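> Order-wise, the sequence lines are chains F and X.
Offset between the first sequence (1-based) and the numbering used here: plus 30.
Offset between the second sequence (1-based) and the numbering used here: plus 2.
Hint data in this document are derived by calculation from the structure and do not stem from the laboratory.
The model shown is predicted, which means the values in this text are computed figures rather than measured ones.
Fair warning: there could be bad hints in the mix.
Stated by the list, open to error - With a straight-line Cα cutoff of 35 Å, these simulated DSBU-like cross-link-like pairs (lysine-lysine) come out:
(1) Lys117(X) - Lys244(X)
(2) Lys63(X) - Lys273(F)
(3) Lys353(F) - Lys378(X)
(4) Lys119(X) - Lys158(F)
(5) Lys174(X) - Lys158(F)
(6) Lys84(X) - Lys249(X)
(7) Lys378(X) - Lys258(F)
(8) Lys84(X) - Lys306(F)
(9) Lys17(X) - Lys86(F)
(10) Lys84(X) - Lys119(X)
(11) Lys158(F) - Lys86(X)
Claimed, not checked - Covered stretches of chain F, as calculated for chain X (at least 3 residues, CB under 8 Å):
(12) 59 to 72
(13) 319 to 332
Ideal Cβ placement from N, Cα and C applies to all residues, glycine included.
Listed here are the chains, written in short residue letters.
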Amino acid sequence: MVSRRQWFMRFLLRSLTQRVGRVAVATFSVTIAVAIVVSALGLSRGIRDKLGHELKAYGANIIVTSPAGLDQREAEEALSTMPGVDEFTFQLYGSVMAGSAGSAVSAVSEVAAIELIGMDIDESKGWKLAGRLPLKGAGEALVGSDVQAALNLELGGALELEGEKFSLVGFVERGGPEDGAVMLWLPDAQVLLERPGTVSAALVRAEPGGLEEVVGGIRRALSVAEVKTLRQVARAEEIFLGKIELLMGLVSIVVLLAASISLSSTMSATVLERLKEIGLMKAIGGTRRGIGVFFVSEGTAIGVMGGVAGYLLGVLAAMAVSKGAFGSIIIVPAVLLPLGVALGVVISVVASLVPLLGALRCKPSVILRGE
Amino acid sequence: MLFILLRQSFTNQMKAMFLMFLSVAMGTAVSASLVAISLDVQGKVSRELRSFGANITIEPKVEGLAGLAGQRRFLSEEDIPKAKTIFWRHNIIGLTPFLELEALLEVAHSGATSKRKVMGAWFDHSIMLPGESEPFDAGVSSVMPWWEVSGSAPGEGEALVGVSLAQELGIKSGDTVRLMGRDLRVSGTLSTGGAEDGLLVLNLNELQSLSGNEGALTRVMVSALTTPMDEFAYKDPDTMSKVEYEKWYCTGYVTSIAKQLEEVFGGSRVKPIWRVAETEGRVLERLTVLVYLLTLAALVAAALGMSTTLAASVLRRLDEIALMKAVGADRMGISIIFLAETFIIGLAGGLVGYLISLAAAHYIGVEVFGSALDQKGILLPASILSALGISSLAAWLPIRRALMVKPAVVLKEVH
């Protein structure tokens, strides 16, 4: 004798395997709906990280200064171990006497004090460069566009700073104070200004979320320094990221709602198709409970298959979109897998139960006659 | 005859038809709202990005070492309204002038004197533009919304003290400072997180008359909506052909807007603030691509979702088709009935979906950007046509298959 449970399983298996077309359609629609929801949610979760990375180019959001100068090694140790600090760079400011040490024709007739900035000159973004960036320790200088215009300098020429000759390899226009200054690599500037191991400022880039804690931490670690947040960058960034996150979140909700409604109508349509089957089951003695359990199990099976496939497809879609937009893939959190499966199961079960309940109330003969 | 068949089909199968309609409407709604967002996202986001501050500075031209050595040259206040007469005037959404000087500052209660930087700025200042009825806000807050004044903005005979300066000299609100022979009451403190924290700030026009520099400015900060820089934009305008130059000049690049501003401000040198301009361009481009790709994914998903529902509904009526054939209907007649059915569903679903998308996109625009999205009218015909196209196609394929089978086979299989 075959037990009741075995009958049930055989019935379910048959239903799933023998009408492949119908099951395929249902599973496919669950897959599509879950995929689009997972990719939209995944993207909205990862967007802060990706955009934050782009916004880094707006520059430092904390600036640490000290009138007397900071000890470079001490500051470096404090900042590199500070949690929440993404990156930092040091600058040294000073003023030097300059003259153009060019050919005999443009012999130095004027000498003037010029602002000098010692910095890490490895940034390729954020300014318009003519020529190239200077190499470290090679006696090369980068000149701001205002200085270039004022001294009528040319690429390949030389500039005399405090009597020392520097060759001009590049001119930059930045739209900021650098335009009126000469820039050297930090070690070169420290030598020229006779301030070895000293920096005037540390430009710190911290994660926008925990700015206040980082500021507090730096204040404790470097007691002589004045620590300021560059509010322009910090606040605009926080507001901007919040808005974009909200946009993505709302888009995800719209997608979620539309996908759920659309999916439940597909599932209902496939159940409508089987009303006659329900009539037949009732006619040969199926209880309402038995038929209900049968349909719920079937819906669950379809929901799980579609949910898993949809999650995988959604992860791939989110990766592709992120690759296209940001040039790097996004990691979709794994918590969306149970979420996607749950979405698939709940919708397919609910959507098949609604028409089913109606059908179960009818007399088998009515359904079988097709009225 | 066709009409009767259609009416019966809709009344007999209310539920099935409603489900098809629902699926089409939802598919259209999500696609149309995402398309609406992607069409306007660039404009909205570029406006948001302006909160990162000015992207163009106007300064006096420096000539010779004298300029660097601090022998000031000035811009003229009279030139400010001209900024709103250039080709890209509507893209200039904020501008504000400054005058920076060094002067001897004396604190009344302590008697301390020191040479300090003093700045004149406009607070809550509007200017009238030629040919415009609305005044244009040229105050500091239009370009630098992060300036925080505690107390009140400096009026006649008043000054604002930057927080670092206030701390250093021990000045607080209500104290008196002496500048260029005039007593000024401290109306509050200014906190910006930038260099302004160390300055004394006066109303621009007061500083001009105090220092005898009537109508003079040392800097104008401009906030302009720009087109992201592309490869063409980085070409040197001096080496462009006439056609290229015209194209460059009439595109809203930050460089071409700067060039146009330089033309109207006498004796000026106008520079993009490259850090801001470049980052802005890149963020804008990436976000736009992101929204486009997401929209594309949603369109594909919606089309697939709609077609599966419709295909499922047609498949389930195979026996009906067989029966029609058996009683003598020709293939043409059957196709017309089914296509007319899906046509009505596509039309209704497309229209309702469009209406839902209007509401959804409007809500998102207001909620996120504080202003409704610019909805393009083209979306109405576009959504209805694509809903019609997809549903017809989705119905047509199974119908064609159904028409090919023999009625006897189908009818035997189903029953």
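> Which of the numbered hints are not met once you compare them with the structure shown?
1, 2, 5, 7, 8, 9, 13
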